[in-house]
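Which chain is which? The protein sequence lines are L and D, in order. Okay, so the first sequence: first residue is 335 according to my numbering, each after it adds one. Okay, so the second sequence: first residue is 335 according to my numbering, each after it adds one.
No lab work stands behind these hints, which were simulated from the structure alone. In this text, a Cβ means the ideal position worked out from N, Cα and C, and glycines have one as well. Check the hints yourself; a few may be wrong.
Just the calculated beta-carbon pair ranges, DEER-fashion [claimed, not checked]:
(1) 511/D x 411/L: 31 to 41 Å
(2) 482/D x 545/L: 48 to 58 Å
(3) 374/L x 497/D: 48 to 58 Å
(4) 497/D x 359/L: 25 to 35 Å
(5) 469/L x 497/D: 17 to 27 Å
(6) 421/L x 417/D: 26 to 36 Å
(7) 358/D x 411/L: 51 to 61 Å
(8) 521/D x 403/L: 33 to 43 Å
(9) 423/D x 403/L: 17 to 27 Å
(10) 374/D x 423/L: 19 to 29 Å
(11) 497/D x 502/L: 45 to 55 Å
(12) 451/D x 590/L: 48 to 58 Å
(13) 374/L x 459/D: 26 to 36 Å
These are the residues of each chain, in order.
2 protein chains.
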Amino acid sequence: MKVVVLAGGVGGARLAFGFYRALAPEDLTIVVNTGDDFEHLGLRISPDVDTVTYTLAGIANRETGWGIAGDSFEALAALERVGGPAWFRLGDRDLATHLQRTALLSQGLRLTRVTARICESLGVRARVLPMTDDSVATKVVTADGEIDFQDYFVRQRCEPIVRSIRFDGMETAHPTPEVTEALSAADGVVIAPSNPFVSVEPILALPQVRGLLATKPSLAVSPIVGGRAIKGPAAKMMGELGLDVSPVGIARRYAGLIGGFVMDEQDAPLGSEVGSLGLEVAVAQTVMRSDEEREALARVCLALLGRVAPRNAPAPR
Amino acid sequence: MKVVVLAGGVGGARLAFGFYRALAPEDLTIVVNTGDDFEHLGLRISPDVDTVTYTLAGIANRETGWGIAGDSFEALAALERVGGPAWFRLGDRDLATHLQRTALLSQGLRLTRVTARICESLGVRARVLPMTDDSVATKVVTADGEIDFQDYFVRQRCEPIVRSIRFDGMETAHPTPEVTEALSAADGVVIAPSNPFVSVEPILALPQVRGLLATKPSLAVSPIVGGRAIKGPAAKMMGELGLDVSPVGIARRYAGLIGGFVMDEQDAPLGSEVGSLGLEVAVAQTVMRSDEEREALARVCLALLGRVAPRNAPAPR
């Protein structure tokens, strides 16, 4: 069964790792959000692509959710000493990834090829695909004006009140040929338990993606458990955007696009409400604390994919 | 006594440190070769400027002659793992200097200002001036064609036979206003025991520099001791260029420009030959193994500067 996972950073990476254990690597493609990508110190940084890559390579830092386990911060400390910015926490080994990415991009390689090379050198055998090779930048519209995503997320620690999210450059961006081919060839598509607003919706906003997704058995895993986000500002954002901070709110956000929905045992009483949206529901342990729990959740997803029909039949050729 | 030192990397930095101990910092300016500067991984690297800066800051690596003492190489090792180049040995803390320099340059600051900021943050109180803010690139013409200096120096370990040296961009380069002002205001100018061909002559090749130098009491310290270079390929280059590999060969190279010459005790028998070139000679311990020996050599230079006349009287105003 060929599966495409749409993923942002930490939550998406964890579930992607579960699929990496559950499937043959050639059957797994992870399409990763690049709306958080930015330039810092002249370096091109792709936080979500790196988190997924590091997680599949088995070198991700499990405590922080970003960077490489056991990384040192000598360069960052020295950078601060010479008056440079230290708000974005660059580990020494992590820095090497950004240096290499930036160097290869400046040689004219597409981000997709650069990512494939880095994955290969780190021994990652599944396909990690940036959603686009075009420049898309997530902007957070706050009460005090619009700010860059990394500014909101890292420097301001998600403190500003979010009024809306905008994807700068989306009007001219396209999914890569690799992404549309992977979606076309997929037997099922899984929306990972990533932040819907800033991790999943940039992918869904690209031309063709929603259309291709609707022709496949698909499901989403709720990133909201017991009224809270497993990681990151998803719950805070939902509240600020006036949405129901629950799996029901998530399910409504994706309804019409997906056929299945996986929610946590803690939220089992809400299952019938999600089901009333026309979704096939699976209740499972969704908080992935170990590799085994990651794999188990992937297997729940695979089983559910086998039971759901596409929202729309494929267009006749 | 206001002194300007013309310097390349290691040898120049050592003597500059001696002057830093012997003079009030406001009386010392080091004009540093930038012909070795290059771009690597998108970073702007200024090897000689950094060696001088790190040496004056007391953080230079004394064993290697480049980089920062006790630096780690986590980023470089990781870079190699993701397929990046490892031939140029970038320490983690050293990398921070290049990141900050590159970032400030891309903000539009001149290299001179960038260097001043980095010096200030590292507590260096003397003035370290890049010879130019323009792009000058030293090219080594070898039997097998022309190569970049860093390629020759680092990657090929100075193995190719040198036929000549060329400074790409020199025809349009200018010394900075800070450099010409420092030379104009100097009571004496010292050519450090750096490689004449690739460290000192790029500085001398800039417009105005030779003219200004000739109006000042000036001297050179021989980088050749006992027929060998204290550090680097100067002796090998001299031989390949058909020059006398001795302090006499060095003195001939600078004759007509300087008034004094400092050579090592080992070469004392050659003193009269150097003197016959019209140079005031001081024989001293020039191999600087300790901070005390650096300072002692600086004091020998200061004493000699007091005894030599400018080669040319200042032009009438």
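Right, here's what the structure says about each hint:
1. Between residue 511/D and residue 411/L the C-beta distance comes to about 34 Å, which sits within the given range of 31 to 41 Å.
2. The hinted window of 48 to 58 Å between residue 482/D and residue 545/L holds, with their beta carbons roughly 51 Å apart.
3. In this structure the hint that residue 374/L and residue 497/D lie 48 to 58 Å apart at CB is violated, the actual value being about 43 Å.
4. Between residue 497/D and residue 359/L the beta carbons are some 53 Å apart, a value that contradicts the proposed interval 25 to 35 Å.
5. Separated by about 46 Å at the C-beta atoms, residue 469/L and residue 497/D break the suggested range of 17 to 27 Å.
6. The given range of 26 to 36 Å is respected by residue 421/L and residue 417/D, whose C-beta atoms sit roughly 29 Å from each other.
7. As the Cβ distance of residue 358/D to residue 411/L is approximately 31 Å, the hint placing it in 51 to 61 Å is violated.
8. For the pair residue 521/D and residue 403/L, the beta carbons lie near 58 Å from each other, so the given range of 33 to 43 Å is not met.
9. Between residue 423/D and residue 403/L the beta carbons are some 25 Å apart, a value that agrees with the proposed interval 17 to 27 Å.
10. The hint said 19 to 29 Å for the Cβ distance between residue 374/D and residue 423/L, and at roughly 24 Å that hint holds.
11. Separated by about 53 Å at the C-beta atoms, residue 497/D and residue 502/L satisfy the suggested range of 45 to 55 Å.
12. For residue 451/D and residue 590/L, the hinted distance range of 48 to 58 Å is satisfied, since their beta carbons lie about 55 Å from each other.
13. For residue 374/L and residue 459/D, the Cβ-Cβ distance of about 31 Å falls inside the hinted range of 26 to 36 Å, so the restraint holds.
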